[in-house]
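Asks: Sequence:
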Amino acid sequence: MSDTLSDSALDRIFREARTPNGWHDKPVTEQQIHEIYELMKMGPTSANQQPGRFVWVTSDEGKKKLAACASDGNKDKILAAPATVIIGYDLDFHEQLPWLFPHTDAKSWFEGDEDARKESAFRNSALQGAYLMIAARALGLDCGPMSGFDKEATTKAFFADQPRYRADWLCSLGYGDMTTVFDRSPRPEFGTFNKVV
Numbered sequence: 001m002s003d004t005l006s007d008s009a010l011d012r013i014f015r016e017a018r019t020p021n022g023w024h025d026k027p028v029t030e031q032q033i034h035e036i037y038e039l040m041k042m043g044p045t046s047a048n049q050q051p052g053r054f055v056w057v058t059s060d061e062g063k064k065k066l067a068a069c070a071s072d073g074n075k076d077k078i079l080a081a082p083a084t085v086i087i088g089y090d091l092d093f094h095e096q097l098p099w100l101f102p103h104t105d106a107k108s109w110f111e112g113d114e115d116a117r118k119e120s121a122f123r124n125s126a127l128q129g130a131y132l133m134i135a136a137r138a139l140g141l142d143c144g145p146m147s148g149f150d151k152e153a154t155t156k157a158f159f160a161d162q163p164r165y166r167a168d169w170l171c172s173l174g175y176g177d178m179t180t181v182f183d184r185s186p187r188p189e190f191g192t193f194n195k196v197v
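Using the UniProt record's numbering, read the sequence shown as starting at 1 and increasing by one per residue.
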């Protein structure tokens, strides 16, 4: 895999991508949701754990329920966005490892160690959420990631049927109103937080 993406693709995914605070009234379709997932699931996770669990909130009823769990600054964003994804994780993801990672008995690595499962699920589901954002941008959508919400209330509201799932963060998706974008915050130069040894 040696080809470099075009500058326009890199601009779309990274350099010119922005986080909108408002959205155009244009839906995110179920087909688009499936296309995002088909891309994001290909991103690597440790031992192909795939611990992320996702709820794609698109209905007015779902938006109201989610907005009720959000901080005041995020309620209107959730209500206005065509879709908001709840990125969560499964504390018992290891139960799926026999078919997700059949090369060895990876399930045994996590049995009886919930702390290790939580750490791994948290890390790898966050990776999956990042892949989700990259996939959505690559497919022409804008993203609005959020952490201002009540995780416990969201878990109860949306994962009640799965008691081992936990909500972690949110990401709105759609066609951003670029008049609502803040000036870009600083991005550090390489030498600020990096070193090569």
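In short, the hints are calculated from the structure, not lab data.
Treat the hints with care, as some may be off.
Claimed, not checked - Only pairs whose alpha carbons sit at most 25 Å apart, straight line, appear in this in silico PhoX-like list of lysine-lysine:
| id | residue 1 | residue 2 |
| --- | --- | --- |
| 1 | Lys75 | Lys26 |
| 2 | Lys65 | Lys75 |
| 3 | Lys65 | Lys151 |
| 4 | Lys63 | Lys151 |
| 5 | Lys107 | Lys41 |
| 6 | Lys156 | Lys75 |
| 7 | Lys118 | Lys156 |
| 8 | Lys63 | Lys75 |
| 9 | Lys64 | Lys195 |
| 10 | Lys195 | Lys75 |
| 11 | Lys64 | Lys118 |
| 12 | Lys65 | Lys195 |
| 13 | Lys151 | Lys41 |
| 14 | Lys107 | Lys63 |
| 15 | Lys107 | Lys118 |
| 16 | Lys118 | Lys41 |
| 17 | Lys26 | Lys156 |
| 18 | Lys63 | Lys156 |
| 19 | Lys64 | Lys75 |
| 20 | Lys65 | Lys107 |
| 21 | Lys63 | Lys26 |
Asks: It remains to establish, for every hint, whether it holds in the given structure.
Replies: Hint-by-hint comparison with the structure:
1. Lys75 x Lys26: This hinted pair holds, its Cα atoms lying about 19 Å apart.
2. Lys65 x Lys75: Holds: Lys65 and Lys75 sit about 10 Å apart, inside 25 Å.
3. Lys65 x Lys151: Given pair Lys65, Lys151 holds - Cα atoms ~13 Å apart, limit 25 Å.
4. Lys63 x Lys151: 15 Å, holds
5. Lys107 x Lys41: Status holds; Cα separation ~20 Å.
6. Lys156 x Lys75: 18 Å, holds
7. Lys118 x Lys156: 18 Å, holds
8. Lys63 x Lys75: 9 Å, holds
9. Lys64 x Lys195: 46 Å, violated
10. Lys195 x Lys75: Roughly 40 Å between the alpha carbons, so the hint for Lys195 and Lys75 is violated.
11. Lys64 x Lys118: Not OK: Lys64 and Lys118 at ~29 Å, beyond 25 Å, violated.
12. Lys65 x Lys195: 45 Å, violated
13. Lys151 x Lys41: Within the cut-off at roughly 24 Å; holds.
14. Lys107 x Lys63: 36 Å, violated
15. Lys107 x Lys118: 14 Å, holds
16. Lys118 x Lys41: Holds: Lys118 and Lys41 sit about 20 Å apart, inside 25 Å.
17. Lys26 x Lys156: 29 Å, violated
18. Lys63 x Lys156: 15 Å, holds
19. Lys64 x Lys75: 9 Å, holds
20. Lys65 x Lys107: 35 Å, violated
21. Lys63 x Lys26: Since the Cα atoms of Lys63 and Lys26 sit roughly 15 Å apart, the hinted pair holds (cutoff 25 Å).
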